[in-house]
Amino acid sequence: MKKYTKIIALLLCLAMAVCVFAACKKGGDDTDTTAADTDATVDGTQTAAGTFKIGLIGPLTGGAAIYGNAAKNGAQIAVDEINAKGGIQFEYKAEDDEHDPEKSVNAYNTLVDWGVQVIVGPITTKPAVAVSAEAYADRIFCLTPSASSTDVIDNKDNMFQVCFTDPNQGTASADYIAENFAGKSVAVIYKNDDAYSQGIRDTFVAEAEAKGLTVAYEGTFTDATATDFSVQVNASKSAGAEVVFLPMYYEPASVILKQAADIDYAPVFFGVDGMDGILTMEGFDASLAEGVMLLTPFSADDPDAADFVAAYQEAYNEVPNQFAADGYDAVYIIYEALQAAGCTADMSAADICEKLVAAMPTLTVDGLTGDGMTWDASGAVSKAPMAVVIKDGVYVTP
Amino acid sequence: MSKKLKKLSGAPKRDYFSYLLVTAAFILITALNGGGLLSKQMQGLLVPVCCYIIMALSLNLTVGIMGELSLGHAGFMSLGAFSGVVVSQSLITAVPNDALRLVISIAVGAVVAAFAGFLIGLPVLRLRGDYLAIVTLAFGEIIMDVINCLIVGHDANGLHVIFNFRGDKTVADLDLAEGGVAIIKGAQGAVGTKTISTFTAGFIIILITLFIVLNFIRSRTGRAVIAIRDNRIAAESVGVDVMKYKMIAFVISTTLAGMAGALYGLNFSMISADKFNFNTSILVLVFVVLGGLGNMLGSIIAATVLYILPEALRGLQDYRMLIYAIVLILVMLATNNPKVRNLFLRIIPKRKSAEGGTAK
Numbered sequence: 268m269k270k271y272t273k274i275i276a277l278l279l280c281l282a283m284a285v286c287v288f289a290a291c292k293k294g295g296d297d298t299d300t301t302a303a304d305t306d307a308t309v310d311g312t313q314t315a316a317g318t319f320k321i322g323l324i325g326p327l328t329g330g331a332a333i334y335g336n337a338a339k340n341g342a343q344i345a346v347d348e349i350n351a352k353g354g355i356q357f358e359y360k361a362e363d364d365e366h367d368p369e370k371s372v373n374a375y376n377t378l379v380d381w382g383v384q385v386i387v388g389p390i391t392t393k394p395a396v397a398v399s400a401e402a403y404a405d406r407i408f409c410l411t412p413s414a415s416s417t418d419v420i421d422n423k424d425n426m427f428q429v430c431f432t433d434p435n436q437g438t439a440s441a442d443y444i445a446e447n448f449a450g451k452s453v454a455v456i457y458k459n460d461d462a463y464s465q466g467i468r469d470t471f472v473a474e475a476e477a478k479g480l481t482v483a484y485e486g487t488f489t490d491a492t493a494t495d496f497s498v499q500v501n502a503s504k505s506a507g508a509e510v511v512f513l514p515m516y517y518e519p520a521s522v523i524l525k526q527a528a529d530i531d532y533a534p535v536f537f538g539v540d541g542m543d544g545i546l547t548m549e550g551f552d553a554s555l556a557e558g559v560m561l562l563t564p565f566s567a568d569d570p571d572a573a574d575f576v577a578a579y580q581e582a583y584n585e586v587p588n589q590f591a592a593d594g595y596d597a598v599y600i601i602y603e604a605l606q607a608a609g610c611t612a613d614m615s616a617a618d619i620c621e622k623l624v625a626a627m628p629t630l631t632v633d634g635l636t637g638d639g640m641t642w643d644a645s646g647a648v649s650k651a652p653m654a655v656v657i658k659d660g661v662y663v664t665p
Numbered sequence: 029m030s031k032k033l034k035k036l037s038g039a040p041k042r043d044y045f046s047y048l049l050v051t052a053a054f055i056l057i058t059a060l061n062g063g064g065l066l067s068k069q070m071q072g073l074l075v076p077v078c079c080y081i082i083m084a085l086s087l088n089l090t091v092g093i094m095g096e097l098s099l100g101h102a103g104f105m106s107l108g109a110f111s112g113v114v115v116s117q118s119l120i121t122a123v124p125n126d127a128l129r130l131v132i133s134i135a136v137g138a139v140v141a142a143f144a145g146f147l148i149g150l151p152v153l154r155l156r157g158d159y160l161a162i163v164t165l166a167f168g169e170i171i172m173d174v175i176n177c178l179i180v181g182h183d184a185n186g187l188h189v190i191f192n193f194r195g196d197k198t199v200a201d202l203d204l205a206e207g208g209v210a211i212i213k214g215a216q217g218a219v220g221t222k223t224i225s226t227f228t229a230g231f232i233i234i235l236i237t238l239f240i241v242l243n244f245i246r247s248r249t250g251r252a253v254i255a256i257r258d259n260r261i262a263a264e265s266v267g268v269d270v271m272k273y274k275m276i277a278f279v280i281s282t283t284l285a286g287m288a289g290a291l292y293g294l295n296f297s298m299i300s301a302d303k304f305n306f307n308t309s310i311l312v313l314v315f316v317v318l319g320g321l322g323n324m325l326g327s328i329i330a331a332t333v334l335y336i337l338p339e340a341l342r343g344l345q346d347y348r349m350l351i352y353a354i355v356l357i358l359v360m361l362a363t364n365n366p367k368v369r370n371l372f373l374r375i376i377p378k379r380k381s382a383e384g385g386t387a388k
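Order-wise, the sequence lines are chains A and B.
Residues in the first sequence are numbered consecutively from 268, following my numbering.
Residues in the second sequence are numbered consecutively from 29, following my numbering.
Think of the hints as simulated: they come from the structure by calculation, not from any bench.
Mixed in with the good hints, there may be bad ones.
[What the hints assert, rightly or not] Here are the computed distance ranges between Cβ atoms for each label pair:
hint : chain 1 : residue 1 : chain 2 : residue 2 : range
1    : A       : T494      : B       : V189      : 45 to 53 angstroms
2    : B       : L147      : A       : D618      : 36 to 44 angstroms
3    : B       : R260      : A       : D421      : 28 to 36 angstroms
4    : B       : A262      : A       : T494      : 46 to 54 angstroms
5    : A       : A582      : B       : Y44       : 54 to 62 angstroms
6    : A       : E348      : B       : T51       : 50 to 58 angstroms
7    : A       : T494      : B       : D158      : 38 to 46 angstroms
8    : B       : T249      : A       : G550      : 55 to 63 angstroms
9    : B       : N307      : A       : D421      : 26 to 34 angstroms
10   : A       : T494      : B       : L350      : 25 to 33 angstroms
11   : A       : T631      : B       : K68       : 46 to 54 angstroms
[What the hints assert, rightly or not] Calculated pairs, DMTMM-like style, for lysine to aspartate or glutamate (alpha carbon to alpha carbon, straight line, at most 20 angstroms):
hint : chain 1 : residue 1 : chain 2 : residue 2
12   : B       : K222      : A       : D380
13   : A       : K360      : B       : E339
14   : B       : K68       : A       : D421
15   : A       : K360      : B       : D201
16   : A       : K423      : A       : D442
17   : B       : K222      : A       : E509
18   : B       : K68       : A       : D347
19   : A       : K451      : A       : E509
20   : B       : K197      : A       : E474
21   : B       : K68       : A       : E509
[Claimed, not checked] Far from chain B by the CB rule (all over 10 angstroms, computed), these chain A residues:
hint : residue
22   : G354
23   : V372
24   : Q465
25   : A491
26   : G550
27   : V586
28   : M653
29   : P665
Being a predicted model, the structure only gives us computed values, none of them experimental.
Glycine included, every Cβ here is placed at the ideal spot set by N, Cα and C.
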């Protein structure tokens with residue numbers, strides 16, 4: 268009996284090991300998605316002529332997974348398009364950071380072990396701040412699609428952004444409201460345990476003051492209280508606010524819209540890029556979003572984006588949001604920058620970083636999220652913000 | 029009686045084995061790292077693993093030895109982390125030596141966490157029942173919100189602190205002089221920390237922690253704590269001051285958590301309060317439970333394996349968390365199943381006597 272148990276244990280161990288390796292194989296197939304790359308690995312040469320290794324870091328699981336997966340998918344489409352063109356080729360790999368700075372540094376280290384040459388990401392702000400310090404020390408070029416805090420790029424020459432910085436969004440929103448809704452009183456509801464929301468609110472209020480807007484009410488919420496806004500909505504109603512500024516992601520915004528409709532409160536709701544995605548949110552009555560205004564760099568109904576939207580829908584069965592477009596643009600910006608800087612794939616990540624840092628300020632890229640995007644040495648992008656209003660379930664330029 | 033004494037005198041052997049194992053692991057890893065054999069991914073995991081080991085040892089003291097549940101241990105870690113970061117960033121010019129600054133920061137982090145543990149223990153440890161679990165759970169959540177409201181900066185005039193109670197203050201309200209830096213930016217967390225934690229520091233703190241915890245268990249105080257855990261009424265009847273001994277154990281536990289926090293906070297250039305949430309507390313509790321309540325070596329091994337596992341499984345992409353969950357369940361089943369335990373005991377006969385030596 269004793270012998271049998273040992274043998275059975277051994278067999279079970281073997282079975283487990285086999286399972287693990289089988290899963291490994293499958294996982295490997297999933298990641299190495301580019302055709303060019305599989306050829307390269309068969310030959311045993313890691314980077315064939317002109318094949319750059321680019322890595323993406325973002326939340327692929329957990330609460331922020333929609334953003335990470337959208338950017339990952341968007342970037343994948345760009346990689347496939349570029350590889351199909353010939354010329355510079357990309358080998359692409361995405362690592363999960365669960366929207367956690369600690370895990371993000373782990374993901375970054377994993378990519379460095381893999382031999383990454385240019386990084387797209389991290390997608391979300393807090394992980395991006397943590398990784399930026401590491402990447403700065405290691406001299407690896409990072410272009411984040413959507414981490415919008417200035418802390419991401421401050422004092423780090425190798426960090427660049429595709430999205431607006433939070434202060435830019437706050438200022439642009441205040442300017443737009445001051446211009447189009449002059450003399451009306453404004454309420455702000457924001458999430459005070461979130462760097463993104465707090466960052467936009469801070470510059471919005473500062474700019475609103477400068478432009479002579481009156482902020483009649485400010486309401487806050489946190490992750491734990493993001494399910495009920497009756498206090499904040501009632502308070503903005505009794506404060507007589509005619510414009511309600513919502514610098515937040517779309518889930519809490521959807522609750523606010525619903526609760527405002529319930530008490531027949533219909534001010535102009537004004538959102539920022541995090542509001543993008545509200546129309547495709549499951550279980551949300553999109554008619555409640557009628558008349559909502561938002562500043563967004565990307566609209567899926569834009570004719571320029573039609574090809575991308577079609578490709579995305581075919582591959583992933585959903586309408587791409589702004590994060591997907593940011594991811595797509597990020598890969599194309601890197602593509603343009605690599606060409607402009609004259610990099611070759613056999614250069615080290617540090618050499619590529621120096622060349623790209625020098626090349627970025629000279630670059631002008633037309634992308635899905637803005638025409639004529641340019642960068643200054645700080646890493647912040649300059650492009651025109653676009654305000655849209657939701658009418659009949661689509662974005663319309665007012 | 030003589031048999032019992034023999035068991036007790038045999039116990040330190042197991043302690044020495046723990047020290048030896050930790051030291052051997054440290055030497056091995058340092059050698060591997062020196063030889064360039066360690067991947068960057070593994071290098072990045074070294075300090076966090078040390079932090080989680082210290083956390084697991086600290087929580088094991090509360091859960092395994094004292095027999096009380098703490099569901100907000102990450103809250104004490106958070107206090108240690110943020111106070112450590114504030115101290116370190118403020119002293120950059122005054123104490124240019126990284127190692128010295130790290131020691132000061134960890135000491136301050138430990139004191140702050142110890143004080144919080146004392147305040148919480150004061151009312152709660154007098155009560156019977158699950159109150160410590162309830163209060164620490166609340167403490168973990170409260171401390172997260174408090175730190176989210178905290179804006180701290182440092183300039184030539186010293187430390188500036190604002191408590192952003194109404195949510196309308198920003199870093200600009202600190203009125204920092206020229207050359208001042210914001211250390212904690214409220215909800216945005218502590219950003220731009222100069223990272224000074226090292227694996228060697230982590231190793232030394234693990235050794236200190238092990239030394240404190242293992243000797244505590246064997247001390248007069250530790251035996252009193254164990255007696256209270258096993259039978260409170262009997263302990264009281266022989267004159268053991270329940271409140272006092274529980275307080276000593278709990279404050280030691282939170283002090284160690286504060287040290288782990290300071291080490292953790294100074295290992296990342298960015299930390300935010302929401303990292304130290306309920307999930308982190310439970311993660312550490314999982315390490316403790318799977319490693320075995322009251323079993324310090326088990327905590328060390330469980331923390332190491334379970335922390336590295338999801339990172340080592342990165343190659344499996346989307347399946348890795350699934351596998352991680354299955355491993356957790358398997359370990360739980362394996363360690364609790366009497367048949368499997370017997371099998372292990374048969375394979376490693378030496379463990380039998382060691383197992384008998386620990387207080388269960």
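The hints, checked one at a time:
Range check, T494(A) to V189(B): about 32 angstroms between beta-carbon atoms, so the 45 to 53 angstroms window is missed. Between L147(B) and D618(A) the Cβ separation comes to about 55 angstroms, which falls outside the hinted range of 36 to 44 angstroms. For the pair R260(B) and D421(A), the supplied restraint of 28 to 36 angstroms is violated, since their beta-carbon distance comes to about 55 angstroms. Take A262(B) and T494(A): their Cβ atoms lie about 48 angstroms apart, and the range 46 to 54 angstroms holds.
Restraint check, A582(A) to Y44(B): a C-beta distance of roughly 60 angstroms satisfies the suggested window 54 to 62 angstroms. Checking the proposed 50 to 58 angstroms range against E348(A) and T51(B) shows it holds: the Cβ atoms sit about 55 angstroms from each other. Range check, T494(A) to D158(B): Cβ separation about 27 angstroms, and the 38 to 46 angstroms hint is violated. Against the hinted window of 55 to 63 angstroms, the Cβ-Cβ separation of T249(B) and G550(A) comes to about 56 angstroms, which satisfies the hint.
Our hint of 26 to 34 angstroms for N307(B) and D421(A) holds, since their Cβ atoms are close to 29 angstroms apart. For the pair T494(A) and L350(B), the beta carbons lie near 29 angstroms from each other, so the given range of 25 to 33 angstroms is met. Checked against the given bound of 46 to 54 angstroms, the beta carbons of T631(A) and K68(B), roughly 35 angstroms apart, lie outside it. For the hint pairing K222(B) with D380(A), the CA-to-CA distance comes to about 24 angstroms; that exceeds 20 angstroms, so the pair is violated.
Our distance criterion of 20 angstroms between C-alpha atoms is met by K360(A) and E339(B), whose separation comes to about 16 angstroms. Only pairs whose Cα atoms come within 20 angstroms are accepted, and K68(B) paired with D421(A) is rejected, the gap being roughly 25 angstroms. Distance hint between K360(A) and D201(B) is unfulfilled; the C-alpha atoms sit about 43 angstroms from each other, more than 20 angstroms. With a CA separation close to 29 angstroms, the supplied pair K423(A) and D442(A) exceeds the 20 angstroms bound.
The suggested pairing of K222(B) with E509(A) is violated, with an alpha-carbon distance near 45 angstroms, which exceeds 20 angstroms. The hinted pair formed by K68(B) and D347(A) fails the criterion: a straight-line CA distance of about 29 angstroms is larger than 20 angstroms. For a cut-off of 20 angstroms, the pair hint linking K451(A) to E509(A) stands: about 6 angstroms separates their Cα positions. A hinted pair counts as satisfied when its Cα atoms are at most 20 angstroms apart, and K197(B) with E474(A) qualifies at roughly 15 angstroms.
Proximity of K68(B) to E509(A) is assessed by CA-CA distance (about 54 angstroms); at most 20 angstroms being required, the pair is judged violated. Against chain B, the non-interface label of G354(A) holds: every CB pair exceeds 10 angstroms, the least being about 29 angstroms. With a least CB separation of 6 angstroms from chain B, V372(A) falls inside the 10 angstroms interface cut-off, contrary to its annotation. Its closest Cβ contact with chain B, about 5 angstroms, brings Q465(A) to no more than 10 angstroms, contrary to its assignment away from the interface.
Not every CB of chain B lies more than 10 angstroms from the CB of A491(A), the least distance being 8 angstroms, so the non-interface label is violated. Even its closest Cβ contact with chain B, about 24 angstroms, leaves G550(A) beyond 10 angstroms, as expected for a residue assigned away from the interface. With a least CB separation of 23 angstroms from chain B, V586(A) remains clear of the 10 angstroms interface cut-off, as annotated. Against the 10 angstroms criterion, M653(A) stays outside the reach of chain B, whose nearest CB is about 27 angstroms from its own CB.
Non-interface call for P665(A) relative to chain B: holds, since the shortest CB-CB distance, roughly 30 angstroms, exceeds 10 angstroms.
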